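Colleague: All chains, please: the whole structure from these sequences, using the hints.
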Amino acid sequence: MMVEHFPRKNPLLRTQTPLLPPAARSRAAHLLTAAACAGRFELPCCTTCNAFAWPIPEACPKCMGEIALRKAPQGGELLSATVAEVPADPYFRERAPWRVGLVKLDCGPIAVTHLGPLKEPGARVNVTLMLDRAGQAVLHAGPQKGGAMQDDPQWQDMVANPRGRRILITDARHFCAIPLTQALVKAGAAEVTLGLHDSWKPFEGRGALESLPCVKIESLDLGSDRSIQDMAAQIGGKIEILINTADVLRPGWLMSPRAPVEAKAVMEIVAFGLMRLARGFGPAMASRGADGARSAVAWVNLLSVFGRAHPPELAGYAAAHAAALALSHAVRAELATGGVRLMTVLTGPTEDEWFQAFPPPRVSADALAKAVLDGLMRGLEEVVVGDVARDLMARLEENPKAIERELAQGRMYGGAA
Amino acid sequence: MNDLLSSLTAALSTGAVRVVDLTLTLREDFPTIVLPPEFAQPSPVRIERLSRYDEAGPAWYWNNLTFGEHTGTHFDAPAHWITGRDIACGTVDTMPPEDMIAPAVVIDCSAQSAADEDFLLTREAVKAWEASHGRISPRSWVLMRTDWSHRRGAAYANLRDDGAHTPGPDAEVMRFLVDERDILGFGTETIGTDAGQGGHFHPPYPAHHYLHGAGRYGLQCLGALDQLPSRGAMIFAAPLKVHEGSGSPLRVLALAPGGQT
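If you're matching them up, the sequences are chains A and B in order. Those letters in the first sequence? Residues 1 to 417, per the working numbering, in order. Those letters in the second sequence? Residues 1 to 261, per the working numbering, in order.
Quick caveat, the hints were computed from the structure, so don't treat them as lab data. Check each hint, because a few of them may be wrong.
[Claimed, not checked] Dumping the calculated DMTMM-like pairs for lysine to aspartate or glutamate here, alpha-carbon to alpha-carbon at most 25 Å:
#1 A:K201 with B:E117
#2 A:K201 with B:E69
#3 A:K216 with B:E28
#4 A:K62 with A:E42
#5 A:K201 with B:D118
#6 A:K201 with B:E48
#7 A:K264 with B:E48
Keep in mind it's a predicted model, so treat the numbers as computed, not measured.
Modeller: See the structure below:
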């Protein structure tokens with residue numbers, strides 16, 4: 001495999017302070033945030049007259065009906081293209097020239113959008129609802145067939161492309177670590193470091209990982225302040241994407257004899273480990289959100305959907321993941337000061353051996369790796385992987401009590417654990 | 001008696017009696033016993049800072065410690081094993097303090113262990129040792145020197161697909177030492193008092209089985225046994241007074257004649 005070499009930073013130059021695009025939004029506008037976080041193209045639509053509206057209004061401008069988000073066609077026509085050579089806003093001024101388009105959306109409204117490498121009025125465009133560096137929903141219009149988005153600096157500023165970036169995967173023993181590393185290397189990652197806990201124990205994946213270019217394995221134990229400090233002191237300022245794969249799955253009912261010890265062990269890694277990681281790596285990443293071509297861009301937590309819906313046979317595990325999900329909000333808020341995105345990837349049962357007794361469908365390592373890559377490339381904040389997780393999330397919106405009862409009665413997994 | 005203690009004090013000050021620290025440093029990355037993961041696992045060593053002359057405590061430094069009872073250089077009380085469950089005063093808080101100071105013999109198995117990671121100490125080997133060093137006195141510690149404590153990390157745990165491969169005693173020698181030599185305890189440099197493959201012996205884990213069933217003790221993860229004479233050392237092994245504790249990490253000190261190894 002060819003290894004691409006990336007220019008080193010000039011150590012004499014000051015690292016820029018990360019600036020953010022304007023972040024103020026109305027409460028109604030955060031409907032769009034929810035859709036953009038998950039990568040859904042949904043636009044404001046009147047629930048009475050079914051007319052789409054843009055920008056998001058408090059009520060339908062035609063009939064004063066209630067506004068809700070609705071899936072919309074992504075096509076549009078470029079009416080005009082403008083290049084802002086000297087924008088007033090400091091964030092855009094640093095990145096000027098910045099292209100802005102006026103687009104007639106196929107669903108009706110005319111919208112001002114960020115614009116890809118397009119010039120000619122009349123061109124067909126593909127419109128995407130995405131998160132900007134401030135974490136707010138914006139429209140981006142690009143070539144209809146995707147095209148050269150890899151080379152579009154405006155697009156790249158909003159996503160977390162692994163190309164050229166130095167990446168830390170926190171747990172090399174995670175069932176998905178090998179395909180995930182392979183996918184990152186294939187996507188052009190400059191370096192991938194994998195943390196290995198209990199490095200005094202055998203690790204059968206070592207050969208497969210170390211055979212990849214630019215991959216190294218280092219001792220890292222999320223249960224240990226010292227271990228995290230040791231690694232952060234070495235490479236904390238050189239990580240642009242952190243993927244936290246650390247997990248400890250120990251199925252068990254709350255009242256089983258092992259439950260307190262096992263729940264504590266899971267909490268130590270999944271919840272407190274996340275806190276330790278955030279303290280060790282968060283400040284440097286947040287400060288490097290505008291560090292030239294290799295700015296810090298994303299923090300990924302692989303977590304379980306059972307942190308949202310809690311099967312009693314996974315009592316401690318579900319509680320630890322719920323705690324990690326809650327902590328994620330704090331980590332996200334601090335990283336956001338530097339424009340670094342926190343992406344949560346939720347799965348249901350996976351092919352991890354500890355889910356052995358759970359019936360299919362279970363998420364494979366390849367599918368999970370692909371979902372992580374896809375989420376990074378699209379700049380997402382929430383990724384839900386697999387049928388079980390998607391079903392649970394949809395049904396939680398609909399009737400969380402029904403989920404609780406069915407999980408308690410073992411009707412969803414047959415008391416698999 | 002006062003003369004005796006005064007003489008000891010003088011001997012310590014002149015170096016005629018040496019203090020040897022047999023303890024390995026309690027570190028967060030120190031290997032622990034590995035059980036099948038479906039069993040409850042001991043907490044590894046965790047040292048979490050409360051403050052170090054900083055805003056959390058401007059003039060003082062201290063940590064929170066977390067560890068299982070059987071972590072690092074540690075002591076096994078009789079209650080640790082099922083065979084010792086009915087022993088009176090079989091936990092670390094109730095055991096007689098007189099048992100915390102006792103003589104020790106050191107059986108040097110370092111050459112054999114270097115040649116064979118699964119080296120087993122046998123009754124014949126102990127009798128051969130006695131032939132040249134004298135009979136093991138009752139209520140003595142028997143310390144098995146393997147120089148295993150010179151290893152680190154993966155080499156120390158030495159785990160393979162079929163479990164740990166570390167030297168230790170066989171079943172017959174443990175029965176012999178407990179029943180016929182009335183030893184106080186057995187100590188090793190490895191993670192357990194039993195050999196790495198001791199789970200396959202009959203009975204499984206014979207050091208645990210016989211020692212604790214007879215109310216005797218275990219010491220493991222010892223170091224510096226190469227600094228002790230074959231006979232003549234005195235061991236100070238006082239576990240933490242943990243309520244109903246089955247064992248604890250501890251500082252193990254030996255008094256040894258000065259200038260001798």
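Colleague: Failing hints, ascending?
Modeller: The structure breaks none of the hints.
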